[in-house]
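Q: The residues making up each chain are set out below.
Protein chains: 2
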Amino acid sequence: MKHVVIVGGGFAGLNAAKALGNRKNIRVTLVDRLNHHLFQPLLYQVAMAALSPAEIAAPIRHILAKYRNITVLQDEVVDVDRKHRAVIATECTLHYDYLILACGVKHTYFGHEEWEEYAPGLKTIEQATEIRRRVLNAFEAAERSRDPARQRRHLTFVIVGGGPTGVELAGAIGEMSHHTLTKDFRNINPRLARIILIEAGPRILPSFSGKMAAKAAEDLKKLGVQIRTSSPVTGIDSEGVLINQERLEAGAILWAAGVQAAPLGQKLGAEADAMGRIVVEGDLSLKNHPEIFVAGDQAFFAHSHPSPLPCLAPVALQQGRFIARNILAETAGRRRRQFHYLDKGQLAAIGRSKAIIELGRLRLEGFWAWVAWLVIHIYYLISFENKLFVTLHWAWSFFSFRRGARLIIGKEWRFYRGSK
Amino acid sequence: MKHVVIVGGGFAGLNAAKALGNRKNIRVTLVDRLNHHLFQPLLYQVAMAALSPAEIAAPIRHILAKYRNITVLQDEVVDVDRKHRAVIATECTLHYDYLILACGVKHTYFGHEEWEEYAPGLKTIEQATEIRRRVLNAFEAAERSRDPARQRRHLTFVIVGGGPTGVELAGAIGEMSHHTLTKDFRNINPRLARIILIEAGPRILPSFSGKMAAKAAEDLKKLGVQIRTSSPVTGIDSEGVLINQERLEAGAILWAAGVQAAPLGQKLGAEADAMGRIVVEGDLSLKNHPEIFVAGDQAFFAHSHPSPLPCLAPVALQQGRFIARNILAETAGRRRRQFHYLDKGQLAAIGRSKAIIELGRLRLEGFWAWVAWLVIHIYYLISFENKLFVTLHWAWSFFSFRRGARLIIGKEWRFYRGSK
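Quick note, the sequences are listed as chains R and X, same order. Sequential numbering of the first sequence, starting at 1, is according to the working numbering. Sequential numbering of the second sequence, starting at 1, is according to the working numbering.
Source of the hints: derived by calculation from the structure; they are not laboratory data. Keep in mind that the hints are not guaranteed to be accurate.
Copies of the same chain look alike in the list, so a pair counts if it works inside one copy or between any two.
[Said to hold, decoys possible] List of simulated lysine to aspartate or glutamate pairs, EDC-like, C-alpha gap at most 20 Å:
id, residue 1, residue 2
1, Lys66, Asp184
2, Lys411, Asp75
3, Lys267, Glu249
4, Lys411, Glu76
5, Lys18, Asp184
6, Lys123, Asp79
7, Lys215, Glu365
8, Lys66, Glu140
9, Lys267, Glu246
10, Lys287, Asp81
11, Lys267, Asp79
12, Lys411, Glu126
All of these numbers come straight from a predicted model, not from anything done at the bench.
Working from the sequences, and respecting the hints, build out all of it.
A: Structure below.
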């Protein structure tokens, strides 16, 4: 009986576990510090009040309940003891025959971690709720204010980072101010909201072709989004953003500018790229440690493809499944194979009814790209229940222009703490 | 043009606003410190992971958007200046011709406010999320532990207070441990969870008849709930509850034992009952202040009924509407009327398919009472959208035995705060 320990319940870890589920002579323990798998491609919709957290997340132990050889533990892994083949978590130590590390990435502020307080990133449900709170609170503060200059500041939204996440956030705020909120306020006109998308590089969506990026920029402008390229951010505080010497006062600042591999990877002492992603062999194992695999965003894979594989859900999903198959092959006495990524392309939604899709030479934009975007996301959603409810919510929002989850939820649950 | 200021967007405030919406010569400002109206009767289902917050709450300004004479402000009212007829909020002062106070109640620990940290109450979405986090975390901690004594402690759930909320919470935990979670764990058997409902008085559900309360107690026992009556709690700490001299170690402690009127009422200098509810006249106005009304849970109304009106949604709803009609009558030169409550009865759900209902001499229990409970709650839900999604979620849960919102969502959204 071989024991496979998987660290991380994202796309890579979850799909590795599923592929090892109910297999003979294999026992699996999946450890994650959270109790849920999160469908990250739709997280911006939670931040933008279109979906509820429970619609894009599900308890990992529930997803894997039918596999009797899998144990799920909610715990935080703090170290890996390669010599004794053990994973050390805060409350337990797990000995492994095979280890799969799939801890993903978190956002980084490039040495300015103090900016986080003023400009939340978007990687967890907690952060999505925080972003929702800030954006909706900015509209509320503008409605309360009678001073046009303060109203203008409250209604300025700055998104730092012109990748797909930044574009999707900017498009959603544009959608919200132009359609969803138009009738709800008395002192302000939400259409006057300024949405500014800041990109340090020469253009937005650098991973897409220039033509598709230009098309996206055009769609964003129609939603009232101003795009500022070649504009590296040099400072962020509670009131605004500094771009070179120019200051932008803002009601909410969102961070979508950079990611960095989870810190656990550093404990392996292995080679890593600038983002901290661990360099892996052609079979996704660690050099000199064939029993340790790294998958998903945490892995730097630069074999047999023109460029290193990007941090995308399909890469993680395929890698997780591939590692499981290699482990099954090896325990059955067969040889390991080398990983090849089947390119699933890339896509980004822009507001309520536009998207761009690129897959090799196939390029699609506008309404039908958006329909394809919908179908693809529904298809890959975690469970039948989530598929059903997200479909219904989207159908409802599309026809009513409404957003079902416009709740400002506070951080503090206690009544009496302040009164002591 | 008369200006009506409403403080509080609960059942009373919202229904007063609606009844004044788009009426001539009336201008309304509704102030609430939260941006959403909350359908409190279903809040325990959010705490118990059956529904998402957005399904039982909606932005107040969105509900009232079609009434062009209503302005909604998210702000906290800190004082009432009766002499100058002004409401003082943190960011603005509002002058009124009529004032409607409908701030509701919060839970109270009878002088032991330090217990709150260990035993959250259930009045807000934040508290519901906190309770959900604690209950689900207790199951996770039990699964991680290898020590039977600690597992037993983690799997002990204590609910303090045998009113409808305590009964509904206990029933829902029973349901969860007996049905929802049974296949998801490997080290523990969720069915072994101990659920202890503690009541200081001689029986649970004192507002119901003895026969119905006994029936509810029977149904609770079938779900594994132990009921301990005549058991006043004398201490609560992070590890458990003290009842007289006996100690109960617990994995999660929930508070459903008492409520107290919102503190703003004290600023009126008016007569109040032991719970801090403001004593009102027959037309729900304040003595010597016919321009100030108090409605809902915050009001103590003891006219023309055998006993003072209880803190129930139908009371608040009827009172809010009634006050609006009196204001409209008075501004049209007609006389005010006296409030009469049309009794809508009371009801409580027990687990997934049982309920009790009492309305005068009509008594209903078991499955059909539960069906009636469903229909009534759906009927009164805030919007068509909420009705639709709650109905679908309930249908889904009923047939699948699942709970759609089993997410443990943390309090902290920052990654980098600890690393500074």
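Q: Are the hints correct? Go through all of them and say.
A: Going through the hints against the structure:
no.	hint	verdict
1	Lys66 - Asp184	between (46 Å within a copy, 8 Å between copies)
2	Lys411 - Asp75	between (23 Å within a copy, 17 Å between copies)
3	Lys267 - Glu249	neither (41 Å within a copy, 38 Å between copies)
4	Lys411 - Glu76	between (23 Å within a copy, 17 Å between copies)
5	Lys18 - Asp184	between (46 Å within a copy, 15 Å between copies)
6	Lys123 - Asp79	neither (22 Å within a copy, 41 Å between copies)
7	Lys215 - Glu365	within (8 Å within a copy, 62 Å between copies)
8	Lys66 - Glu140	between (46 Å within a copy, 18 Å between copies)
9	Lys267 - Glu246	neither (41 Å within a copy, 48 Å between copies)
10	Lys287 - Asp81	within (16 Å within a copy, 74 Å between copies)
11	Lys267 - Asp79	within (6 Å within a copy, 56 Å between copies)
12	Lys411 - Glu126	both (10 Å within a copy, 7 Å between copies)
In this structure, the earlier hints numbered 3, 6 and 9 are contradicted, and the remaining ones agree with it.
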